[in-house]
Every structure is written in C-alpha cells, then in structure tokens.
Amino acid sequence: MSIDPITLSVIQAGLQQVCDEMDLTFSRAAFSPVIAEANDRSDGIYSATDGALIAQGNMGLPVFVGTMQYSTRVLIEGIAEGLVAAPKPGDIYIVNDPYLGGTHLMDVRFAMPYYRDGEIFCWLSNTGHWPDTGGAVPGGFSASATSVEQEGLRLPPVRLFKEGELDWEIYRIICSNIRVADQRIGDVQAQAAALKVGAARLDELLGRYGDSTVADAITELRGRAAQQMRTYLEEIPEGTHRASAWIDSDGVVDEPLEIRLAVTRDGTDVTFDLAGSSAPCMGPMNSVLATTLSSVYLAMRHIFPEVPISAGAFEPLHVTGYEGTFLDAQYPRPVSGCAAEVSQRIAEAVFAALAPALPDRVTAAPAGSSGNFALGGHDPEKKRDFVMYQISGGGYGGNADHDGLSNGCSTIGISKAPPVEIMEAQFPVLYHHYALHEGSGGAGLHRGGFGLDYAVELRRGQATASFVMDHGRTGPQGALGGADGTVNKVRVIRGGEVHVPPHLSKEQDIPLSPGDIVHVRTPGGGGYGDPLQRDPEAVAEDVRLGRYTEAAAREAFGVVLAGGQPDLAASKALRAG
Amino acid sequence: MESGQVIGCDVGGTFTDLILMDPATGEVRIAKVPSTLDDQSRGVMNAVAEAEASLPDTALIVHGTTTTTNAVLERKLARTGIITTKGFRDVLELGRRTRPQAYGMKGDFKPLIPRDLRLEVPERMDAEGRVITPLDEDALRAAAQQLLELGCTALVVHFLHAYRNPAHELRAGEILREIWPNPYVTLGHALLSESREYERGVTAAVNASVQPILDLYVQNLAGSLESGGYGGELLVMNGNGGMVSARRVAEEAARTVMSGPASGVMAAAFTGRAAGIPDLLTYDMGGTSTDVALIRDAQPAVSNEIEVEYAMPIHVPMVDVRTVGAGGGSIARVNAAGLLEVGPESAGATPGPICYGRGGTEPTISDANLLLGRLDPARLKSVEGGVTLQTVREIFAKKLGEPLGLSPEEAAEAVIQLANVKMAGAIRMVSVSLGADPRDFALFAFGGAGPLHAASLARELGVPTVLTPARPGITNALGCLVADLRHDFTNTVGQPLDTLDMGELADTLTAQAEEGRALIAREKVEITDVQVLHSLDMQFIGQTHLLRVTLEGPEISRDALQAAFEEVYWNRFQVRLPAIRAAVVNANTSIIGTRNSLDPARLIPAEHRKPTLAEALRATRPVIFDGQTYETPLYQRDLLPADATFDGPAILEQMDTTILVPPGDRVTTDAIGNILIHVGAAE
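Residue numbers (the UniProt record's numbering), protein chains in the order written: chain A, 1 to 577; chain B, 1 to 683.
By construction, these hints were calculated from the structure, which means they are not laboratory data.
In silico DSSO-like links for lysine-lysine, alpha-carbon gap of 30 Å or less:
no., chain 1, residue 1, chain 2, residue 2
1, B, LYS86, A, LYS489
2, A, LYS382, B, LYS86
3, A, LYS489, B, LYS110
Simulated restraints on C-beta separations:
no., chain 1, residue 1, chain 2, residue 2, range
4, A, ASP535, B, GLU305, 36 to 44 Å
5, A, PRO514, B, ASP501, 29 to 37 Å
6, A, THR49, B, ALA682, 39 to 47 Å
Source: prediction; values computed, not measured.
Yeah, the Cβ is synthetic: ideal placement off N, Cα and C, and Gly gets one too.
Just chain A, with the same shape it has in the complex:
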C-alpha cells in the first residue's frame, strides 16, 4: 500500500475536522456549565481493533489526551471476553469506572461503534465532566474519601442507547443516584449528539475518499506521527534526566507524596520511569494508570505542541515503574484528585526533569493546581441549598522567551474561572478582594507569573468549606537557577479566629457562619534562570507596579533601588556578593 502524501495530509485534516466538530457540538448543546463553559470534555476517534487514538479534538481538555484510548481498549476487550454486551449499530455505551481507563467518576465516557458495511470501522468516544455522580459530597471531590464508593456511582460499560433509543431503565438508575438529576437528560443528549455529528461527518469523509484509502491512511498516519515525535525527541540529550514533584498530602494522612521520575532517552525512544514514587495512599490523591499515562503525554504535548494528538505520537514514549505506586491505583482506592491535582504534579515532574535538557522549550513549573474551593450550604434569603465552586489559576513558570503568565489556568485544563459578579449573584457570598498575589512569582532571569489572592465572606446562612488544592508545602519549582514560586496559602477566619488547614491545601467540611471569611492565595510560577542576571530595570518596574517589595528586589534579585530607580553600582556590588 502506498498513499500519496497529499491524500494523507488531506485525510488527516479531515479526521481532525470531524473531532473538532464533535467538541463544538458537545459544548454548545450541553447544560452543565462545566462542559458548556469550562470545556471539561473531549471527543475523538479510536481504532476498532485496539482502541488506539486516531484523532482527537483540538478543543478538548488536555487531561483527556490519552485516556479514552484506554477506556475504548478495555471496552473492546470486554466485548471480546463476553463481559460487556456486544454492540449493534446505534448503540452508545456509557462508562465512568476509573479503573477501566478513566480519570475520576465525574468524567463520564460515551463510546459508539461506527459501522461500515456491517463491520465496526472505528469507535467514536467522548468524555464529559458531569457536575455530580453521587457520593459523599456534591460534585464528587471528597478530600477525605478512603474508598471509591464514597466518591459516587460507578458504572461499568453498559449500553445507555440501544439501536438509537435511550434505555430509560438504565437512565433512571443513574438519575436515582446523582444530585441535580433533572437536567442530566440535556447533557446525555448533548453527549450523544456530538457522537452522531461525528458519525455523519465520517460518512462524508469515507464516502469521498473510500473506506480502504482512509483505513490505510490511518495506519500510515500513525507510523508517521511516531516518526515525527521521534524527530522531536532527538532534541533531548541522551541519558537520564531526573526530578521529583511533591503532593502536599492525600487529604487523609498528613504526609507528602512523591512522584519520582527518571526520563531516559535511549536512541529514538524515551522512557519515563516512575519507580520509587510513593505507595498507594489512603485519601483521594491516587491516580489510575490511564490518567498517569495521559499526564505524561499532555506534558510532552505542552513541550512539543506541533505533534498531532494520536496514538502514534505516544508510541516512542514508554512509561514504566508505576506498579505498586499511587500512580497505578487499584480498586477500591479513592481517586477523585487524580485528574485535577496528581496529573498536574506528574506534568511538573516531566517539566522539571526536562527543563535543563530542553531549556528553550520547557518552562519552569506552573502553579499546577485547579485551586478547588467548594462552599456548600443553605441560602435563607433565596430559600435554597447551594454548592459553589471557586476554581482559580496561578502563575506560570518563567521560560526562555519571557516571564511567566499571571493567573493562568491549570496545566491540564483550558477553562475560564467564573467572574466575581456571577458568583455573588448566584451564592450568598461577598468578595473582599480579587487581586494579584504580590511577590508570588519565583525570582529568575525571567520570573514566574503571579498567583491570585482572594478573600470571600459568607453573608448569610450556614455553610461548609472544602479545599482540594496543592503546593501548600513546596512551591512550583524554579528551573536553571530560578527560585520556586510562592506556596499556596489558605486561611479561614471563623469568628475572628484564624484557622489554617492542618494539611495546608486540603480539608473538608469546615463549618462557616455569616461573617466568616475564606482567604486564598494561589501559587506563583517558578522562576527561570539566575535571578541575579535579571535586568535591573525590569526588577525596578515590578517594584514600581507593586508586584514585589523593595526588600524582595534586594534579597531575591540583588537589585538596590534608590528613588524607584535601580542603583546600578550598588546592585552590581550586591550581586557580586
């Protein structure tokens, strides 16, 4: 077989277009703001034989970059072994079991076999983050869960749509086990509609180029993506590059968890060895293997954004040594923190290991937390219960080109934070400030970006506050001599008394009364390069803008200011030490 390279490029663009259109349909039709606004979803096309990723939408949430190929493979294997009902045209499977190629329970996957001439040509699959799937706390992020049953309803792969019709019996079982079930039908239909749009667009593509040409092209593209990735991997010096990244605690036992990573390039392939990482933990900071692998892939795609998202691109990347660690969680370990937090820490380990090896491409560590603060309670004025989520950004790492971005979104996400005005309109809260976290960017030739500093007061009724954040103990790592970013800080002011969570970044169900205040400062990004090399004018500018104090300019950057201007002679002397 030989397909000309032009047809290959054209088919590649066509497959990408199918996925992008699925992403768009899903978001536009969805009800849940997590999907509709925050784009916490992803759509793709997967191989009929092994579930390998053929193409995935460009607007999907990065954390899903590798997960659905594992869930699709598990589904295919389950069907072959008779554990899962065999498919018919028009069927759509639903599954959210984390241990079957997933993330956490809230990420609900749909998979639809796509038929040509009575045979499955490929699978279309998507993932959407449902606002709730039952469990101990609304929204599913229980910081103190010790088994998956406390986290929500777990669905094995079952056919929610049978030959095009929704199975109301299964649907009602689901609805009886989740909160705010009345709107779920809208999201279920949106998620299915996206797959159907994908099927219709695939019909057109196959009709135009022919089934066998497209099938051959898919095979060929997979090989070529691997070749392309290998070309980029050659930029990494041969040998082993090591780093560790730390999670504050699992939320239950107050001990840090280590991700120990050794990245080795050997010839054309690269191994990411996780041996020596911490053992499985009691609390919800375990990661299932699909998420662990996906986190490595998404970190590499942040480093090499040019490479298409496909199984071929992942082929030269080998992840090893995870057996027996918290990065390969087995039933019934709780896993709600894996997608939002552990994944970002795995990415940080990849960045930290490769920054010295690829100094032009890799940034110092970004804040790397979703900054999840949940407030649940009853609003007596509006006579209703509420659950509010405040996600927040943090500083990005400095890099070869410039200073880090301030208040960027999580490494694994692409979603916007809600405006203060919307939060105050919906929930009984009042923000005292929403500001730059001054001084938080790690010092460097190019400093880290700044985190966020906000304080929010409960105005009426009783409520409980929960936090699933990270980087409270150690800040995002600097690179090439840059300093770490400032740590995440949480304070709860209850009846005038300051309470700091014992685990610093994680705690569940802190009771609040009216007038109590939650004060959060998110991490700044790591600095890049020697801070003593930073342009004194740039340091003075940051001081003038109130981003750093004069003392910080002196201590962290070795710059002495006089009347707002850098005193170059004094700075030189100070820097010479």
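Fit chain B to the supplied structure of chain A, relying on the hints for placement.
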C-alpha cells in the same frame, strides 16, 4: 436618495479606497491610494483628489477607519487610568485565568492599563444592587487627581455590579465632570450594562484609551474636509455595520473597533440583496489572514461577545467576523513526519511570498498559484529582486517536491489542495458555531486572493454557488457607501418562559424599537425605509449557551415561543427535550434605517461591456488543474457581456483580483456586474 454626491471611503492597512456616486448622472468613480497610517486623513484627502470629487457638491461622506483597531492591536493607546472598587484593581490584569493556546505553557499578556494607573476607592454594591459601602467621594477626587498627575488623558470608572445599580458610577461621573479636564471619562456600565467584571472592564478600558485618538483623528478629517468645501455630515462606520455621526462617534469609540471588516460584510449583504441571493458566507482572503462572516436574509450576524485577540473581549455589538489564520502568504513546508503542512506561519508582507521579490524564500500559497498559472506570471516582471518563475520552481522543487517525491507543479497543487481543505474546515466551523449549514449559503468571495480559491472551497464545503461582486477590491468602501443606519439594543430578561410576563416582554421590545426610531430620526441622513428586527436569546433552563430566536413582531404567545425555540434547537442539534422548559435571557431589537444609496448596476459601466464573450477574451494561458494542463482562456472581467454563460476552466482578470473557474464549473454574469460560479454545473 441624497441630492448631491455621496462618498464611501475606507482606510485599510495598505490602501485607502474611495467610491463616489453621483445620483444626478448615475456616475460612479473609484480611487485607490496608499494609506497614510501616521495620519489617515491625508490618505482620505488624497483619495478625494484622485477621484476628482467636488467636496462642495458632496452631500454625504461615510467613512470606515482602522484608527481604533490599530490602536488596540498595536497597544498605541492614550495614557489611561482606571478607578475601581476597593480590592478589584487587578481584574484587568488577572483576566479569566486563561492561556493563549491549549498546549504550550508559554504565554504573555499585557493589560490595557498598567498597575500603577489602576487605583481603588471605597464603595461597594452587592449583586442585587444594594449599597454595602457608600462611595467615598473624597477618595475618588484624590484618585482622579493622582491619575491626572501621572499624566493620564483618559479615565475609566469601573465599579462592581454597576450593571445592576449604576448610582455610584453615575455620581462618580458627576464629580469627575467637575475636575477632569476633558470629556474622556468612560463609566463602566455606559457601553455595556451586563455582569462579568472583566469583559465590562476591558470594554470600558478600550473605549477610554482610544477615545482621545479617535476624537483627534475625526476632528482632523472633518477639518480637512471642511477646508475643502464640504458642508455635509461626516458619518463613521461602527463595528455593527451601522453609522454614527462624527460629532458623536468618539463618545462610544469602542464601537468603531472592527469597522473595516464590518463594511465589507455590509457590502456583501447589499450585493446579495440586489442579486436575490440573501444568504451568504463572506470569504475575504488577504495576504496573512482570511475573514469569514455569515449573512442571513441580507442581514449580517452580529455578536456582542467578540474577542478581538487573546483575552481582549470587546462586548459591544459587532458584525461577527471571524478570522482564520490562512492567507496568500501562508507558508508551506514538509514536517518531520514527511507530511505537507500549510500555515499557520505566514511570510506576511515582509519578506512576503517568494514572488514579491522582497527576499522571501519560503514557498507560500501565492507562489503556488503563480506556479500553476493561476496568477499571471507576467507580474514577476514588475517585482524587484530579479525573481523569475524559475526561482519559484527551484524553491518548490527543493523544499517541497524532493521530500514529497513530487514535481514542483504537483507540489504547488498539493499546497493549494491542502490549504483549501483547511480553509474549508475553518469556514465550516464558523458556520456551524453560528448554527448554520454552509450548504444553505452562497460563498461571497472578495479580497485580493478570495476569488482565486472560492470555487474550490465551495466544492469542498458543498456550497453550490460562488458570488464575486463587481468590485471585489473596494468592497469595504462600497460597504460605507451603502451602509444603513443601525442601532442595536439588548435588555437582559433572564426569566423562565413559564413565568415570564409576555406583555412586559412585548413592551420591552416596543420600547427598544421606539428608542431606535428616535435615534434614527436625529441623524441628518435620508432614509427610504425603517426596518425593525426583534429577536430573543433563549436557552433551556440550566444551559449557558444561547440560541437566537427571531420574532415577527413584539407580540408572541408563550406556547408559540416555546415551539419556536424548540424548532431552532432541533435545527441546530437534532435534539428534542420536551421535559425541559425554555428561558428567555435577552430581548434584542435592531433598528435599521435603509438608504437607497446606489444603483449596483453602475459599478461596472454598461458602456464598457462587449456584446459577445469572444470580445472579452484577452489571451490564453496554460493552467494546471488536477495534474492536467489546460490552455485556459483569460477574460477581462469588465468587458464581459451582462448575460454571459460559459464553462471553466477560465480565468477572469481585473484590476483588483483574479477569479479562477476550475473545469466543471459554470459561470454566469448578471446585470449588476456579479460573477456567479455554479459549482459542478458545466455541461
């Protein structure tokens, strides 16, 4: 129709275009002169001179300007300060916690107003508009004084929840009128009275920081025109495709951002209406990017939520023009996988494509068109740098042909094919995101490179017809000439349909219409007709995205509205949700004062037209399509008979563009100078 001459003039990045129409004689004159970007008014006056326009005899001048667009995109802004609610001065810098791309952790963002010019004062409303902290007027005065001393010439006041209760902003406005030395004070709620503090704040900050610049420019221009003897009204195009008097345009300067692209779309709507093809996708391909917009029933889609670049939302009504990152200068290369890629890198204007002769050495889309004979190789004679067709061939052979195992010409065709597939995909995403199937539209092709690619793109998209207007190179100026007066109103409703007071809704829509009629009556412009368009932005309860439902009039029953919404939803998603009720989020009214400003038949003078096709034939040239070389006829476009019908392959050349008709397509011409390509309709 106005009694004197009417002029439409658009200042673009490269050229200032002018079109003049004399209703007495029916004469149309056109001028194209280089833009003068330091002071655009000089270019305008040059164009006036070039067209030999008599300013004393001119009744109306409508002007499209990129002054504000350039100021925003290049951050060449007036020094502007902002006074915010205590605790919230950093909102403009923090944004909504985003990054520029999904992948790649680099990214840079410069807030519109630097931190030292962002001051805070004690004051606070809650989300219900209740005062929590009264406005500290002394602190406000002190802050304004401080910003004056820091050299600010424009000022924004941006308080939380001012959309709900503007009392503090209004009071601040009163105080500032006493102490601020110029009128450049923007209150956050004035342009956009909607929640979301970042979007509202950026919109206000854009407005303030371009206000002095636009004001100065418009005054200069008005002065120059006046000294030339012009005594009429100067109107300026807004981004919503409507016009506003130069005397008032600076008050809401942010509305003029995107005025250029809006004029082009207005011209397309005008042409489509005249040609009886009211549903169009506009396709304006230039050197570095391509603009796409959707027109339904001769009305362009307008959006209140345009983001003009990363983290720069300007939430005032603007024609919804989406930019696709592909243009004639997009670079083709073979990547590490051995696959051809086109874009996103562009050779830009400098060095530009190889064929510009300015030192470009990367193969681009324009070069591919040249190599295939689709653009006239004779053009190379006029460029500097000694570039020949052979130079282009050699670069294509080395950079694309050898690694792909193709001849230079085959490589060039591959570049065009892939570029078309990608552009078609991008256009499809634009139309689908606006809830439209591209197959229901005709493609309106303009811009320097649009008509070269349009027929192939249409084939790719399943679009049956391509329309290229008489004067594709001066479309924006034409848009100015034919633009209507337009005012858009949006009121937040935010209620479930089941409990909505339908009478109150009708009253809201009626009041919007009355306000618009009053505004139009104030303009010194003759209009022939006033059109009122009502629509509602709706969703199922619990959703966040909106779908627009158009109404016949302000009155509608609850059941009819639910049914109308369900129908729109079905058409968009093929989903029915009978168990879920709908909600009305916004009530919108657009008032359009239609001007009967131009007879489109005059755009290509009838006296130039030849009676037969053969007389319009200039030459033939070998052109490659699908690997085959066709000796292709070259027609001079303005010589074509008004009722010609012929089949591709053909090339139609005119001063400002080249239209390519591939084999298999049929061309017809119409009485108003349009070229219609009927895809796949050749006999």
